[in-house]
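These protein sequences, in sequence, are chains A and B.
When we follow the working numbering, the leftmost residue of the first sequence carries the number 1, and every step to the right adds one.
When we follow the working numbering, the leftmost residue of the second sequence carries the number 1, and every step to the right adds one.
What the hints contain is simulated information worked out from the structure, not anything from laboratory work.
In this text, all values refer to a predicted model and were calculated from it rather than measured experimentally.
Treat the hints with care, since some could be wrong.
[Unchecked claim] On the chain A side, residues computed to face chain B include the following (Cβ under 8 angstroms):
{"id": "1", "residue": "Arg170"}
{"id": "2", "residue": "Ile171"}
{"id": "3", "residue": "Glu229"}
{"id": "4", "residue": "Ser239"}
{"id": "5", "residue": "Arg241"}
{"id": "6", "residue": "Tyr303"}
{"id": "7", "residue": "Ser305"}
{"id": "8", "residue": "Trp337"}
{"id": "9", "residue": "Lys339"}
{"id": "10", "residue": "Leu345"}
{"id": "11", "residue": "Leu347"}
{"id": "12", "residue": "Ile388"}
Quick reminder that beta carbons are idealized off the backbone N, C-alpha and C, glycines included.
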Amino acid sequence: MKKVFFFVALLLLVSTFVTAQVSRTSGMGGVTYSIKDIDHSFDPYDLGKNPAWLALDETETWLRILPSIDYSNGNYKKYYDPQSVTNYNLGFRGVKPLGVDGTFLGETYYSYEMRRDINRSLKYDTYGGEAFFMADTTQGTFRYNGPSIKFMYSFELFPDLYLGASVNYRILDGLKNVYSRATVLYREVGGTVGLAYRLSPEFSIGLTGVLSDDQEKIEAKSEDLTEVEIFNFRGETYSVRKRSSSVNQTIRKKGRGIGTQLYYTPDEKSEYGLHADLFNSDEDILIPYSTSTQSFEEYSEGYASFQNYNILFRGRYELLKDLLLGGSFEIHHRNSWSKNPARDLLLWEWKVNSWNVGIGASYQFDQNLLLSLEYEFEKVTSDSSKYIDSRSANFASNNHLIRTGIEQEIFDNLFARAGFNYGIIPEDILSGGKDVNYYVVTLGTGLKFNNSFDVDLTFVYNSYQPKNENIKRTRFGSFLTVKLFSF
Amino acid sequence: MVNRKVSLLAFAILTIILTGCTEKLPTTYDGDAKIELMAVWDTSTVEGITTYIPLKNAKVILSSEYGISVRTTDENGKMLISGLPSSTYSISVRMPHPLDENILLVGSVRDREITTGKVFTDTVIAKPISSTGISINEIYASGPVNSIFYFYDQFIELYNASDSVKYVDGMLVMRVSGNNEGGKGPGADEGDDGDIDGVTYAFKFPGNPGEHNYPFYPKTFLILAQDAVNHKNTVSASIDLSNASWEFYNQFSANDIDNPNVPNLINVRADKTVDFMINLSSDVIVVSSGVDSNWVDGIDISTVIDGVEYQSSLTVSKTIDNRVDRGFVLSPPKYGGQSMQRREPGADANDATLDWEIIPKPTPGYQ
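With the rest of the complex left out, here is chain A (with noise of 0.2 angstroms):
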């Protein structure tokens, strides 16, 4: 037992990354569709996100406990990016089936990001899609850290006809460097609630409706005797100043929306999932405001309005015994635009498409050895008009990307990971690059003590990099999953 604790301890030391999420697929290079995973199935949970599956997807009693750590750093950014991001995440995920009374699921994190030298700008995503910012004048670094909590129940209602809920908190502190020291202050509220109905043990279809509720509450205020001067942005070139000794605004995002999903499962050699969605969310930059006649009150500087919808389709095979087929399908649609209140002008319109269909296939060599390979190819479209800053882009993309995995059982219970990726973006519309080429390398373990807990480390290092350019972007990290069944 001793050995085990030392092994366990010794993980956790050399853990460095971020996304607790699904460590068995991250290790072999983030394959999905082409292999069989207990955290990547088609079904209206793990696809849709839909919380009534819940019941069904999760029967065993587990408890998650998922440090991790992920660095970014590079010059090959937008304007407004930190030069480097470091974040350090330590969570909890643990699921209690409860027989008839249902399934819960309770989540905990504590972050700390730190994001280093960020260009004036004082919002945590100055790239959300809409065109206002908040800035001062210098370059510093911001800290967040907070918790976020979730908690997910689900319970037959009916006879095959589930109900599902789940909440989701999370809280960032934030505060720069250097002037004008602005603190943070992000909050996020968020709820889905989800229907399942099992139409036969072979078909399925799930319903879900979702709230989010976010505010980013940003104050500069001079610590020192100089008084903060702020440029409220409006678009890229023009801003409008502000300056007191405390300056502040208040960025409020409320969303809604709806999503739907089929799963089907023919035999115990097919798995197909199919999920849409639709979400429209509506922002509003509010500032005090006041003049010599009228007192403090909240004025809305700016509006901005997001429409997004998805549909994500996903198909298994298993063509021979040992061969495994695997292809997938999505499109999204993001459409955002951003007015003058005041003067209901439009400033900023900016519209995204993409489509992209994957194949893949894995094969299991021996007892041992598992390999897989995936392609995928990306169309993506980008309209954006900049009205107010007179200038408008157009851009289409085809983009490429090679996933390929491999898990080797060296001894019993203990694997070993390793995957690749290399992909082709000739027209990055988020950073702006041209003939983008990234490479991600993974390396992960997973261990198994009986039935007592699993541990799997992973390790991923990828560079995006345009091409005769001396820029790029790299990032480091490593996750880290001890999976605990009885506690």
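Following the hints, put chain B in place on chain A, whose structure we already have.
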């Protein structure tokens, strides 16, 4: 049946959620306003015919909520700017007279609503402003970069733009920050009786108006220092005012600094026992001839030589009377070490919004 009801209810709720409030996409977009400006100046009328001459390569100052930008006219006195956002703009065109540097040609239009999708066309007729007198040329109020609340290096700079020697005997320099409670505000003509009200500090040059003992030579500056000492000895980011022309000295104060080598302006209000300190980011400064020194009932506007209001925000209302100035200066931040100065020395078109600019550091005694 129950399942159906539940499903229908859930569907109804989700539909309500999804169709919740979303504002409509505007039909007009911003950033497409145009300004076509023709700038001319009037020379003379001969036999009923007025001759207009284009203002070639003149400076054009655009002021709006988005700040101030400076452009120039072309060889024909024209300027075309496109791609502007909708806003309320003030425009000033100015250039030195081609033959007489003492004359500034200034024309302006104020508070014009310029709308996207439309072309604002106007002809600005500049008038010659002869810089014939004394004006406030620079106000350094913000204080240097420091952490000890140090702002005692404030100064006011005057400029004699005329070609003749002026005399400052008996002139008053005032801070006008009263007349707030129930009044129209500092520098306004309360009661419409032809004077400006709200004088809180008044300091006086020696002598009496009309006397000729204290000359102010043409094309020179006078620095009126709060304390005429080398402030760098206290705050390294500050300035040396030990060679200032004049120093404010409150003879009713027990501890006001007095540099014996610099002549004093003295306090005329016995109820004020502190030095001539002005607000770091918003105030009204007035210089008058001193003929009317009865500050209690207001200073007669006809005796005002110059007055300037500065404010920290564009959203506040201007209070100084329009006959003294039609605008106000947007001041720099407190303790930032920046100063406010006229764009051209002594050039006073009575519109501080366009006449003044923020400069990165104070320039006592020079432009």
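For which of the previously enumerated hints does the structure constitute a violation, in increasing order of number? 1 and 2
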